[in-house]
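Engineer: What follows is the residue order along each chain.
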Amino acid sequence: MDAELLQKTKEAEEASKALTKRMRENLIAIGKNRDEAAFQDLYEHFAGRIKSFLLGKGMQEAIAEELTQEIMLIVWRRAESYDAAKAAPSTWLFTIARNRRIDYLRGNSRIEVELDDELLEVDDSAPTQAEQVNLAQQSAVLETALNKLPQEQRQVLHLSYFRGQSHGAIAKWLDLPIGTVKSRIRLAMQSIRAELVAEEIE
Amino acid sequence: MNTISHHLTDETLQEYAAGVLSVSMETLIACHLTLCPVCRARADMADAIGGASLDSEQTAALTGSASDILAMDKTLPTIKPAELPPVAAGLGVPKPLARLLPGPLAELPWKSFGPGMKQYNLSPQPRKEGAFKLLSLDPGSRMSKHTHEHRELTFIVSGAYSDELGQFNAGDISDLSGDHHHMPHVVSDVPCISLIATDAPVKFDGLFGKIVQPFVGI
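Sequence order for the protein chains is L and H. Residue numbers for the first sequence follow numbering that gives the first Met the number 0, beginning at 0 and rising by one. Residue numbers for the second sequence follow numbering that gives the first Met the number 0, beginning at 0 and rising by one.
A few of these clues could be false.
[As the list claims (entries may be wrong)] Derived, one-sided and incomplete: chain L residues facing chain H with beta-carbon distance under 7 Å: (1) GLY47; (2) LEU66; (3) GLU69; (4) ILE73; (5) ALA87; (6) PHE93; (7) ILE95; (8) ASP102; (9) SER108; (10) LEU141; (11) GLU142; (12) LEU158; (13) SER159; (14) ARG162; (15) GLY163; (16) LYS181.
Calculated from the structure, these hints are not laboratory results. Glycine is no exception: its CB is placed at the ideal position from the N, C-alpha and C atoms.
Based on the sequences and whatever the hints tell you, model everything.
Structural biologist: In structure tokens form, the structure reads like this:
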């Protein structure tokens, strides 16, 4: 990378860090003090993006608007359950939006690990270093890693997360063998993980 | 104690994070994630990629505003997620599976489909949507060689089987995509019970497979 590009990447990373920090503080302020100004700021950053996420998945305008409002209401009401040590604000909002959309479309909840499950296995297997990266602290690094991916890998990730397509559907859409789509996804995940681990070690 | 040696692939965890999988696939994944902290951490990363992508997503124009939400908060009742079925205690299986069972594994109304082989169907869907069922295979029994059009996930509930990829014990998951042919056989001295979900019907290779296929339906 030449010096200018490196400088730009650094600047983008700093801006992204500052934004994440502000959104984290917003969520904490809402959770603790029902802070309406903090909610206003959070809404301005996320609501339009969440609606865009829903529209991208083929939802009608009016339904996307209504669901966005519902999602933001859930965010306002549940902010005290946001754990800043576990996830970046964008990740927390993404999972709420994703799950609410699934609830709406299917009429049943997304199936997830239940944290009160007596069979829940916690950690004595010591996940390898690769899995121990601090995702909450490293969202800016993750974003940079995402932007550094080759265009063909970013494209399949985008189609999957934001167009709601299965790997099979993406393969048909792009006229590629499904194995190619899967390997692009796999390579993308590996590169991002490698970047996160490298940052953790630094 | 953790003896997990077969994990979910990054591709499958990514699709799970994107929210594009079926209820049956989600159930299997959630069962494995309950027992596997390694895959849980990887699933968290897949969620975080979704979050980072959200940050760089475009913004759509909104008709509502933040103050609308604050006003809604005062009038709207709690938005509850769709309700989960109740779960019987002490079934010894992860909750996402336990919620689908009317009672202990031993007392399910299993249906036999061959010597030492029985199944319990969990899917109300027609078979073309893919299978979702429990299989119980007696010690020593062997499945016909088969392959899958898209994906087959197998979560080992109890016992163990072995195929070309190694031995699969309770908690392990076998995450196979279309091009893989396998022929599992049971190596535990108790029946091997597994939870299976497929995206599309299985294709059996040999004649016997073709004969049992209509009955197995995986």
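Engineer: Could you run down the list of hints and mark each one as holding or not?
Structural biologist: Checked hints:
1. GLY47: 3 Å, holds
2. LEU66: Violated - the Cβ of LEU66 (chain L) stays beyond 7 Å from chain H, reaching only about 11 Å at its closest.
3. GLU69: OK, holds: GLU69 (chain L) within 7 Å of chain H, min 6 Å.
4. ILE73: Result: holds, 6 Å to nearest chain H Cβ.
5. ALA87: Hint holds; ALA87 (chain L) Cβ to chain H Cβ min 6 Å, cut 7 Å.
6. PHE93: OK, holds: PHE93 (chain L) within 7 Å of chain H, min 4 Å.
7. ILE95: 10 Å, violated
8. ASP102: 5 Å, holds
9. SER108: 5 Å, holds
10. LEU141: 5 Å, holds
11. GLU142: At 4 Å from the nearest chain H Cβ, GLU142 (chain L) passes the 7 Å test, so the hint holds.
12. LEU158: 9 Å, violated
13. SER159: Hint holds; SER159 (chain L) Cβ to chain H Cβ min 5 Å, cut 7 Å.
14. ARG162: 9 Å, violated
15. GLY163: 6 Å, holds
16. LYS181: Since the shortest Cβ distance to chain H is 5 Å, the answer is holds.
Comparing the model with each numbered hint stated earlier shows that hints 2, 7, 12, 14 do not hold.
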